[in-house]
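Undergrad: Chain A is already provided as a structure; the job is to place chain B on it using the hints.
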Amino acid sequence: MEAAVNEPGLPVEIGRIDKELGRLWESSDDTKTRASLLNLVIYSEEPGAIDCNTELISAIASQHAFRAILILANPGAATSDARAWISAHCHLAGKGGRQICSEQITFRLDGESAASLPNIVFSHLDSDLPLCFWSQADFREPLDEQLWSWVDRLIFDSAMWKHPASQFALTKKILSLTDGGTILCDLNWTRLHRWRLALANIFDHSAALACLPGITRIRIECAPGKRVKALLLLGWLSARLGWSLQHLLSENFFLDKAGKHIAFEILETAGPGISLVELSGENFRFSLRRPENGEFFHISMQSRGIPDCTMTIGAGHERVGDTLLAELSRGGRHPLYAEALDAITPLIPG
Amino acid sequence: MLNSAIQINPLREGLGGRATPEPCTLVIFGATGDLTHRKLVPALYNLAADGALPPAMGVVGFARRDKTDEIFRSELEEAARKYSRQSINDELWKSFASSICYHRSGFDDLAGYESLAKRLDELDAARGTRGNRLFYLAAAPDQFEVILENLRKSGLNRGANGGWSRVIVEKPFGTDLPSARQLNTLVEGAFPEADTYRIDHYLGKETAQNIMVLRFANALFEAMWNARYIDHIQITASEPLGVEGRAGYYDKSGALRDMVQNHLLQLLCLTAMEPPAGLDADAIRDEKVKVLRSLRPIEGSDVSKYVIRGQYGAGAINGKRVAAYRDEANVDPESMTETFVALQVNVDNWRWAGVPFFVRVGKRLPKGGTEIAVHFKSVPPVLFKATGEAVDDNVLVIRIQPDEGVSLRMSAKMPGSSLRIEPVKMDFHYGTSFGKATPEAYERLLLDAMSGDPTLFARRDEVEEAWKFVDAIREAWIANPEDLTFYSSGSWGPAEADELIKRHGTTWRRL
Numbered sequence: 001m002e003a004a005v006n007e008p009g010l011p012v013e014i015g016r017i018d019k020e021l022g023r024l025w026e027s028s029d030d031t032k033t034r035a036s037l038l039n040l041v042i043y044s045e046e047p048g049a050i051d052c053n054t055e056l057i058s059a060i061a062s063q064h065a066f067r068a069i070l071i072l073a074n075p076g077a078a079t080s081d082a083r084a085w086i087s088a089h090c091h092l093a094g095k096g097g098r099q100i101c102s103e104q105i106t107f108r109l110d111g112e113s114a115a116s117l118p119n120i121v122f123s124h125l126d127s128d129l130p131l132c133f134w135s136q137a138d139f140r141e142p143l144d145e146q147l148w149s150w151v152d153r154l155i156f157d158s159a160m161w162k163h164p165a166s167q168f169a170l171t172k173k174i175l176s177l178t179d180g181g182t183i184l185c186d187l188n189w190t191r192l193h194r195w196r197l198a199l200a201n202i203f204d205h206s207a208a209l210a211c212l213p214g215i216t217r218i219r220i221e222c223a224p225g226k227r228v229k230a231l232l233l234l235g236w237l238s239a240r241l242g243w244s245l246q247h248l249l250s251e252n253f254f255l256d257k258a259g260k261h262i263a264f265e266i267l268e269t270a271g272p273g274i275s276l277v278e279l280s281g282e283n284f285r286f287s288l289r290r291p292e293n294g295e296f297f298h299i300s301m302q303s304r305g306i307p308d309c310t311m312t313i314g315a316g317h318e319r320v321g322d323t324l325l326a327e328l329s330r331g332g333r334h335p336l337y338a339e340a341l342d343a344i345t346p347l348i349p350g
Numbered sequence: 001m002l003n004s005a006i007q008i009n010p011l012r013e014g015l016g017g018r019a020t021p022e023p024c025t026l027v028i029f030g031a032t033g034d035l036t037h038r039k040l041v042p043a044l045y046n047l048a049a050d051g052a053l054p055p056a057m058g059v060v061g062f063a064r065r066d067k068t069d070e071i072f073r074s075e076l077e078e079a080a081r082k083y084s085r086q087s088i089n090d091e092l093w094k095s096f097a098s099s100i101c102y103h104r105s106g107f108d109d110l111a112g113y114e115s116l117a118k119r120l121d122e123l124d125a126a127r128g129t130r131g132n133r134l135f136y137l138a139a140a141p142d143q144f145e146v147i148l149e150n151l152r153k154s155g156l157n158r159g160a161n162g163g164w165s166r167v168i169v170e171k172p173f174g175t176d177l178p179s180a181r182q183l184n185t186l187v188e189g190a191f192p193e194a195d196t197y198r199i200d201h202y203l204g205k206e207t208a209q210n211i212m213v214l215r216f217a218n219a220l221f222e223a224m225w226n227a228r229y230i231d232h233i234q235i236t237a238s239e240p241l242g243v244e245g246r247a248g249y250y251d252k253s254g255a256l257r258d259m260v261q262n263h264l265l266q267l268l269c270l271t272a273m274e275p276p277a278g279l280d281a282d283a284i285r286d287e288k289v290k291v292l293r294s295l296r297p298i299e300g301s302d303v304s305k306y307v308i309r310g311q312y313g314a315g316a317i318n319g320k321r322v323a324a325y326r327d328e329a330n331v332d333p334e335s336m337t338e339t340f341v342a343l344q345v346n347v348d349n350w351r352w353a354g355v356p357f358f359v360r361v362g363k364r365l366p367k368g369g370t371e372i373a374v375h376f377k378s379v380p381p382v383l384f385k386a387t388g389e390a391v392d393d394n395v396l397v398i399r400i401q402p403d404e405g406v407s408l409r410m411s412a413k414m415p416g417s418s419l420r421i422e423p424v425k426m427d428f429h430y431g432t433s434f435g436k437a438t439p440e441a442y443e444r445l446l447l448d449a450m451s452g453d454p455t456l457f458a459r460r461d462e463v464e465e466a467w468k469f470v471d472a473i474r475e476a477w478i479a480n481p482e483d484l485t486f487y488s489s490g491s492w493g494p495a496e497a498d499e500l501i502k503r504h505g506t507t508w509r510r511l
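Protein chains in written order, with the working numbering: chain A, 1 to 350; chain B, 1 to 511.
No lab work stands behind these hints: they were computed from the structure. Just so you know, nobody snuck in bad clues.
Derived, one-sided and incomplete: chain B residues facing chain A with beta-carbon distance under 8 Å: (1) Asn-9; (2) Leu-92; (3) Ser-95.
We put the beta carbon where it would ideally sit given N, CA and C, even for glycine.
The shape of chain A in the complex, shown without the other chains (with noise of 0.2 Å):
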């Protein structure tokens, strides 16, 4: 069985995927093993998207094993048409030369076919293995009820929405759907979580710790179109630390539990992602800094109680496929993900 060039795996009929699967694994010999986790659906309406994903679950595959459905839908073709392929990830593990194999079946949905989504989903899940469904599209009404009450982790992007603030509506209308079953997963939001785990480390240390209700100015630099990601960073700092967003005339501010007043500013610099999160009070100030295609952290503590001091850490990658990883590897649910987007949802653009 061999694949037609340009063709993202073996053309099948969509009602015969099940045994052609089957034919695809009885034809490998017994060095393959497949296996799977999960059901990875990734929903897309670009194109080019089916080379691009197809790369993608190809490269963390090795790592993470699922079944990967692949949707490209064009719902404004003139023409209905829906046609499928199956394909399998194969990589060596272990010292046997055992090749492990994650399967992909890959749909195009032109014209009205693109409304079949959910029984596309529906009758091609591997059974009971979690869903995890990526929509790489904007999330439109009316939203279909029992395809969102069956996904298990509902992931998306918010760095990618043009319009944020109406979109974070629909997510949260999705999650009122299932009783707040699904796991929202922002990719955005992952990103964050070496800049998180970074501050944290910072306020390990003990004079440092003993700053932190002192703080009375937050300074971030992103790059331009970055702003929801530093605004979700922003607000996990204010959730966590208990402090409320206020309006007053013109100017957004915190204020802590005392009253303090806690002014920030995001700012708009050249660079990738965000580039610098500056906390300072009274007598410190610190700061974590990621150089652009850094892979470490520089962390800056300046405090009276403390000497100077600058520290290198981890930062990892930001690539889609180690983000995605990140994501699927970690799992649980993301308590904090809702408060910090509660804390700022007045200041998100759209």
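TA: Just chain B now, kept in the frame of chain A:
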């Protein structure tokens, strides 16, 4: 300062599933030794690379050789480059290494401990390590007494400025029950039990930790985890290696004391224990101690019946000739030390009545591996008897190392018009399913000790109960030295070990 009322870092919440270590200084006694170079420093570097160490961290190497901080760091860097599971990044190493310093002193020199105390105070002030100290006894066991005594005399056994002070003790925890009690009393004289961490690195392995999850998070297994459904259990730790560079220690110790008293009895406890009341350290350790107390003692004439000891002779491993144990360097040519032990252990409690645990450990065996194999009882020989088909028993295998995972053997009908039954294996591999490299046991254990979580460390009563069981066997061996058997290197041990398990109507598993 602004407000010292905050004691818990609110930014930590939700960042991971485990407690984050508090800022502290780790002092390693025996800092120039093998353990420090091969295990401890690579583990610390990997923790730093994963962002798991707090920035406020100091590492002090304590040893008698004369060297500067720079030389010490450079030696550790060389070792880390060789033994770390992650490659060393220059920038990160530089940052990590800045927290390392060397303190020269003899273990018996009290003044060296007093100057260490001053140095630690300075580090607290400079790095914010809050007066928290973790002492790691990585020196030779005969040095433990003097180190503990001097820690106590210098006041280092108490944390400074409200901080804590803990000690990690490497195995062996004594050489028998009296010496273990003596060591425990010594430790107790300096550190309370709550601050004492006896390391058994087997417990830090992911798969050892998974035993409890497998048993208690899967109704399928726990419901059948008893004498009604289980025929017997085999616990094996085999290795093709000989004594290598450890002959001096090993010849005095032997397999029973080196492996059975600690690692294998710990695995047996995790396999046999009742569900704990909670996941806190004492709840789990209480259950493990109950298992140890339920072990039927093997004493006197029973020892030759239930315990087989062997020593490897010359033979071949992987096509290469290897020498007999007695011909190894630094081994007594008339040594009676066992390099192989096989024993039948009975756990006299309600759950395990009549279910033998067969435990074997050996050097110079054909393959390396540690596993627990749970052999379920046979189905009644009724339905398939007439067809003449033999039905193999179900076997659940928990592989501790290498290729960590779990497999289940069951019977299936072979496709075709006739009824043929064949065993098939369902196999779960950590590496296949979870991909990412699992942390080394020492990484987990160091983090736990820094975080004050003793769950994966042995408690005093666990150690002493295990010695009590093992000592009775050793006493019989001393009284009757003739029962040492010999086996060829590269074989699966003495024939007597096969006879031992054959009495139960079964055979050792083929690894």
